[in-house]
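*Asks:* One-letter residues, chain by chain:
There are 2 protein chains.
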Amino acid sequence: MGNINFIHGGNIYEVKRRFKKEVIDFSANINPLGLTKAVKKELSKCYRLIPHYPDPEAKDLIRQIAEYWKVEEQNILIGNGSTELIYLIAHTFKPEKTLIPVPTFSEYERAVKSVRSKNVFLKLKEKDSFTLNITNSHRADISFISNPNNPTGRLLIKDQRLDILKSKLNVIDETFMDFLPDEKSHTLIWKAIKDKRIIVLRSFTKFFALPGLRIGYLIAHKDLIKRSKQVQPPWSVNSIAQSLAKILLNDKDYIERTRSFINKEREFLFKELSKIKALRPYPSLANFLLVKILDGRISSSILTGKLIQKGILIRDCSNFRGLNGRYFRVAVRTHKENIKLINALREVL
Amino acid sequence: MGNINFIHGGNIYEVKRRFKKEVIDFSANINPLGLTKAVKKELSKCYRLIPHYPDPEAKDLIRQIAEYWKVEEQNILIGNGSTELIYLIAHTFKPEKTLIPVPTFSEYERAVKSVRSKNVFLKLKEKDSFTLNITNSHRADISFISNPNNPTGRLLIKDQRLDILKSKLNVIDETFMDFLPDEKSHTLIWKAIKDKRIIVLRSFTKFFALPGLRIGYLIAHKDLIKRSKQVQPPWSVNSIAQSLAKILLNDKDYIERTRSFINKEREFLFKELSKIKALRPYPSLANFLLVKILDGRISSSILTGKLIQKGILIRDCSNFRGLNGRYFRVAVRTHKENIKLINALREVL
Numbered sequence: 024m025g026n027i028n029f030i031h032g033g034n035i036y037e038v039k040r041r042f043k044k045e046v047i048d049f050s051a052n053i054n055p056l057g058l059t060k061a062v063k064k065e066l067s068k069c070y071r072l073i074p075h076y077p078d079p080e081a082k083d084l085i086r087q088i089a090e091y092w093k094v095e096e097q098n099i100l101i102g103n104g105s106t107e108l109i110y111l112i113a114h115t116f117k118p119e120k121t122l123i124p125v126p127t128f129s130e131y132e133r134a135v136k137s138v139r140s141k142n143v144f145l146k147l148k149e150k151d152s153f154t155l156n157i158t159n160s161h162r163a164d165i166s167f168i169s170n171p172n173n174p175t176g177r178l179l180i181k182d183q184r185l186d187i188l189k190s191k192l193n194v195i196d197e198t199f200m201d202f203l204p205d206e207k208s209h210t211l212i213w214k215a216i217k218d219k220r221i222i223v224l225r226s227f228t229k230f231f232a233l234p235g236l237r238i239g240y241l242i243a244h245k246d247l248i249k250r251s252k253q254v255q256p257p258w259s260v261n262s263i264a265q266s267l268a269k270i271l272l273n274d275k276d277y278i279e280r281t282r283s284f285i286n287k288e289r290e291f292l293f294k295e296l297s298k299i300k301a302l303r304p305y306p307s308l309a310n311f312l313l314v315k316i317l318d319g320r321i322s323s324s325i326l327t328g329k330l331i332q333k334g335i336l337i338r339d340c341s342n343f344r345g346l347n348g349r350y351f352r353v354a355v356r357t358h359k360e361n362i363k364l365i366n367a368l369r370e371v372l
Numbered sequence: 024m025g026n027i028n029f030i031h032g033g034n035i036y037e038v039k040r041r042f043k044k045e046v047i048d049f050s051a052n053i054n055p056l057g058l059t060k061a062v063k064k065e066l067s068k069c070y071r072l073i074p075h076y077p078d079p080e081a082k083d084l085i086r087q088i089a090e091y092w093k094v095e096e097q098n099i100l101i102g103n104g105s106t107e108l109i110y111l112i113a114h115t116f117k118p119e120k121t122l123i124p125v126p127t128f129s130e131y132e133r134a135v136k137s138v139r140s141k142n143v144f145l146k147l148k149e150k151d152s153f154t155l156n157i158t159n160s161h162r163a164d165i166s167f168i169s170n171p172n173n174p175t176g177r178l179l180i181k182d183q184r185l186d187i188l189k190s191k192l193n194v195i196d197e198t199f200m201d202f203l204p205d206e207k208s209h210t211l212i213w214k215a216i217k218d219k220r221i222i223v224l225r226s227f228t229k230f231f232a233l234p235g236l237r238i239g240y241l242i243a244h245k246d247l248i249k250r251s252k253q254v255q256p257p258w259s260v261n262s263i264a265q266s267l268a269k270i271l272l273n274d275k276d277y278i279e280r281t282r283s284f285i286n287k288e289r290e291f292l293f294k295e296l297s298k299i300k301a302l303r304p305y306p307s308l309a310n311f312l313l314v315k316i317l318d319g320r321i322s323s324s325i326l327t328g329k330l331i332q333k334g335i336l337i338r339d340c341s342n343f344r345g346l347n348g349r350y351f352r353v354a355v356r357t358h359k360e361n362i363k364l365i366n367a368l369r370e371v372l
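Protein sequences, first through last, are from chains B and U. Numbering of the first sequence is given in our numbering, commencing with residue 24 and proceeding in unit increments. Numbering of the second sequence is given in our numbering, commencing with residue 24 and proceeding in unit increments.
Check the hints yourself; a few may be wrong.
Identical copies go unnamed one by one, so any copy, or any two together, can satisfy a pair.
What the hints assert, rightly or not - Okay, derived cross-link-like pairs now, DSS-like style, lysine-lysine, Cα gap no bigger than 30 Å in a straight line:
1. Lys136 - Lys252
2. Lys333 - Lys82
3. Lys219 - Lys117
4. Lys287 - Lys333
5. Lys82 - Lys93
6. Lys39 - Lys363
Since the hints were made in silico from the structure, they are not lab data. Treat the numbers as computed from the prediction; the structure is a model and nothing was measured.
Let the hints inform the model, and build the full structure from the sequences given.
*Replies:* As structure tokens, this is what we get:
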């Protein structure tokens, strides 16, 4: 069957190549409501943009984001997905020592490796519900904190408390923060613009269901933005992404529908997963759930393989540093799809 | 009027913001024939791709490129425009000393600056028709050679002669090579796959008129591809770019039409520019012409400003290292647009 432990979720192409299977993708944490109506409409006009270079400054989009968050334009930098920005931070600030609480998104580690940083991994323990306990001894040049954390779905920093930030530069990845109805009481955006120790990463990818487009941004003190800009390649964000992102933040209806939908379906999925004896899902605030397999005879890798045969792709978590072959992650999808997942799991386990 | 000396050509957004003017863009070197029919058709289906991550391996596209050039898939790396790949080379191979023949594309210099390389600039002299004369004393860790060179339009390496390559790693940027009907006798692609001293950069942007999409590739020995991959962020090439690029290389009709069109119009433009006493265009093989202003009373910056008022954007070359305020660059556009340019120049000069 080959190795099905992909580096990341969402690699439906590799599944298609290897298993000749179309799958429902529970392995990528993408809003199941799909593209907003306005995006679909706007997309049909986008071909006009292609024969011109993208705006290298992405000014129109930056103005919109600045208005949305009530920050200055000079506090914002747009990137080719938040992943480009993670690498940009590594290349700009060149840490010698990096602190990474794990399990978490693997690109922090990969990004700082390319600048030869020494990495210190702080293990979030299951018995502590994967919460972050950090002391002065954990001080590093940069720390990467995913908040809420991928793949656990927990807030590592709550209520904008900064006492947990010990490093010279603390990168708070708020890629999944939009799913929290009370995100405004947890985001560190308004701390970051004044405090040179903090960079906040945000994404359009997950919440607005456009991972194919590549667009994200970071919010930070203007001096950090200035330094990062000097290292960023020009035109890294394509025209279509810039154009479509502009019509997202004002779509209050889609934003509210998504939050309540995800909330309801996550509860449903959590409840149903809890009923399966061999499984233990962990409480999450995001649009995905980390699940432990309690039955020692079945590994996450075997489970993933069996589910692919049923047309379902989950995220085997055995390659997450700090986890092992007993964990997988599922995105919250539509009600119908979630039921399919539950039924498939029941059949296999 | 403000500074109109943009870092790059093609910034129609800044012109619009500052001058409230729609302009014909002669400052970016983009195929005036515009999108291919197949691209326009395919684009309407692209919205289906957006809610999924792009294929991180871009395998379908790589297979196509491999077939087109008759090289192995392992010799190809796709990037978010060739500009991303220039930065990737800098971050992967971290040169201490970089050789850059100038005038040339400014991003080579900017990219290696971010890894603190010492840069040596080799001036291409007007009296030598901007040709490259390189000796052993010019040996560096990396050299960047644009072939044909932007902004002069000359081949710096002809007939695949390698004696000119003195550095440990020689990056040959063939971004405009597609415009040469005899490109196959000049490209270093087939040398690069066997020779670890050579990396060839190619682009879809200029020839296929899609700078807004961001897609380019590099061809090199498989070991160099492997090392570069380790530093590249995942998903750096968006789904739409991957999907549309796949239908380009087989469009022989568009490719041939473009070559003969550009050839004819470049000759027309060269002839007409030569007739204007205050100007001297330089012979070029690409889809643009470098032009010198012989009248000492008018600078390229003043000329650019005056032409914007007439709805025409040219590329002021005063910020090209190795040139000065006497040079500008124009892209070859449609016949009608080229006539407009000539008429506007006559009126202003």
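*Asks:* Evaluate each hint against the coordinates.
*Replies:* The hints, checked one at a time:
1. With identical chains, the CA atoms of Lys136 and Lys252 are at most 30 Å apart both within one copy (21 Å) and between copies (13 Å).
2. Only between protomers do Lys333 and Lys82 lie at most 30 Å apart by alpha-carbon distance; the minimum there is 25 Å, versus 46 Å within a single protomer.
3. Proximity of Lys219 and Lys117 under a CA criterion of 30 Å is satisfied in both settings, with 16 Å inside one chain copy and 28 Å between copies.
4. With identical chains, the CA atoms of Lys287 and Lys333 are at most 30 Å apart within one copy only, with a shortest distance of 25 Å there and 58 Å across copies.
5. In this assembly of identical chains, the alpha carbons of Lys82 and Lys93 lie at most 30 Å apart only when taken from the same copy (16 Å versus 42 Å across copies).
6. In this assembly of identical chains, Lys39 and Lys363 lie within 30 Å of each other by CA distance solely inside one copy; the values are 20 Å within and 51 Å between copies.
In this structure, none of the earlier numbered hints is contradicted; all agree with it.
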